[in-house]
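Visitor: Work out the full structure: start from the sequences and follow the hints.
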Amino acid sequence: MQEDAIETFGASTIQHGKLSNRIYVMHLQESDFPAILPELNHLANRNGYTKIFARIPHFAYRGFLDDGYRCEAKIPVFFAGTQPGYFMAKYFDEARAHSLKEEEEQAILDKAGQRIRSETPSLRKGYTLAKCEPADAEDMAHLYRAVYDSYPFPIFSPDYLSDTMQRNFVYYAVRKGAEIVSVASAEIDFEALHAEVSDFATLPEYRRKGFAACLVSQLENELHRMKIATVFTIARAQSPGINMVFGGSKYAFAGMLINNTNIFGSIQDMNVWYKLLPHD
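Note that our numbering has the sequence shown beginning at 33, numbered continuously upward.
Worth flagging that the hints you see were computed from the coordinates, not collected in a lab. Backbone N, C-alpha and C fix where the C-beta goes; we use that ideal spot for every residue, glycine too. Misleading hints may appear alongside valid ones.
Unchecked claim - Derived CB-CB ranges, DEER-like: (1) Glu165 - Ala129: 30 to 36 Å; (2) Glu237 - Arg149: 23 to 29 Å; (3) Asn73 - Pro310: 37 to 43 Å; (4) Gly209 - His90: 45 to 51 Å; (5) Gln198 - Arg94: 37 to 43 Å.
Claimed, not checked - EDC-like cross-link-like pairs, simulated, lysine to aspartate or glutamate; straight-line CA separation at most 20 Å: (6) Lys208 - Glu237; (7) Lys208 - Asp181; (8) Lys50 - Glu35; (9) Lys106 - Asp142; (10) Lys143 - Asp301; (11) Lys307 - Glu223; (12) Lys241 - Glu151; (13) Lys307 - Glu104; (14) Lys307 - Glu151; (15) Lys157 - Glu237; (16) Lys282 - Asp142; (17) Lys163 - Asp125; (18) Lys106 - Glu228; (19) Lys259 - Asp221; (20) Lys208 - Glu170; (21) Lys282 - Glu151; (22) Lys50 - Asp301; (23) Lys307 - Glu228; (24) Lys106 - Glu219; (25) Lys163 - Asp221; (26) Lys50 - Glu71; (27) Lys307 - Glu237; (28) Lys241 - Glu211; (29) Lys106 - Glu151; (30) Lys50 - Asp125; (31) Lys50 - Glu126; (32) Lys50 - Asp181; (33) Lys106 - Asp301; (34) Lys133 - Glu252; (35) Lys259 - Glu223; (36) Lys259 - Asp301; (37) Lys163 - Glu252; (38) Lys157 - Glu211; (39) Lys307 - Asp221; (40) Lys50 - Glu39.
Guide: What follows is the structure in structure tokens.
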């Protein structure tokens, strides 16, 4: 199935399509509010989407609530290092509004919240960690295709990876010799001073070596140098490993997005984790 499309509404950015069967308001500009609300409803009804998911600043919070949204996650310091951010959801099918794996995912969360590392993670001998360049895009795409059955963004495309790293994405990779065996990214919003750490993938034969924790630590260091205030992630709620990484890296749990994202071949619940980076 084709990836969901990324489009603009005025000065705002949305993603929508049948892959995740939803609309995702990725960046909401104040100039488009509240006119965007009925347009989102119209787009959802016209295409039969069963969810609208929106990441919004405080100025839009009451308007989204009044239009039938609920808050599924909140990061208290998200925009410009001072303002909260809300992850809002509106459902057009009541069945989608309920998690099918609530007990299992809560057990993963409980365990993740108890695992806090006291030391900075380090790579095992024989591996290196370095920033990716456009010349790495083909190898990165090959790795992503080997790991994921489906993904909400076109990471299987070398052109997409090369383009994003020349704009507002930073990618780091773990290598064994010349081979990329693990990778992750940070999408940076320089105006809002936050970054989303995402796009984790490790070849199956190289898992359980602590690479994800090393990548998170390296990305945090890079973002700290850029004066980014808040780092967050949207992680699969069914994955013990990735939730352990963020819980162990002293991220705080912000909330769960129910039946939100098509990843690994199905629409799944996603956990939001965040961390405030220290600055002088």
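Visitor: None of the hints should be skipped; say for each whether it holds.
Guide: Each hint tested on the structure:
no., hint, verdict
1, Glu165 - Ala129: 30 to 36 Å, "43 Å, violated"
2, Glu237 - Arg149: 23 to 29 Å, "24 Å, holds"
3, Asn73 - Pro310: 37 to 43 Å, "41 Å, holds"
4, Gly209 - His90: 45 to 51 Å, "49 Å, holds"
5, Gln198 - Arg94: 37 to 43 Å, "38 Å, holds"
6, Lys208 - Glu237, "12 Å, holds"
7, Lys208 - Asp181, "24 Å, violated"
8, Lys50 - Glu35, "8 Å, holds"
9, Lys106 - Asp142, "19 Å, holds"
10, Lys143 - Asp301, "17 Å, holds"
11, Lys307 - Glu223, "18 Å, holds"
12, Lys241 - Glu151, "16 Å, holds"
13, Lys307 - Glu104, "18 Å, holds"
14, Lys307 - Glu151, "17 Å, holds"
15, Lys157 - Glu237, "16 Å, holds"
16, Lys282 - Asp142, "14 Å, holds"
17, Lys163 - Asp125, "42 Å, violated"
18, Lys106 - Glu228, "14 Å, holds"
19, Lys259 - Asp221, "11 Å, holds"
20, Lys208 - Glu170, "17 Å, holds"
21, Lys282 - Glu151, "11 Å, holds"
22, Lys50 - Asp301, "17 Å, holds"
23, Lys307 - Glu228, "11 Å, holds"
24, Lys106 - Glu219, "19 Å, holds"
25, Lys163 - Asp221, "19 Å, holds"
26, Lys50 - Glu71, "18 Å, holds"
27, Lys307 - Glu237, "30 Å, violated"
28, Lys241 - Glu211, "16 Å, holds"
29, Lys106 - Glu151, "28 Å, violated"
30, Lys50 - Asp125, "14 Å, holds"
31, Lys50 - Glu126, "18 Å, holds"
32, Lys50 - Asp181, "16 Å, holds"
33, Lys106 - Asp301, "16 Å, holds"
34, Lys133 - Glu252, "31 Å, violated"
35, Lys259 - Glu223, "11 Å, holds"
36, Lys259 - Asp301, "31 Å, violated"
37, Lys163 - Glu252, "13 Å, holds"
38, Lys157 - Glu211, "15 Å, holds"
39, Lys307 - Asp221, "15 Å, holds"
40, Lys50 - Glu39, "15 Å, holds"
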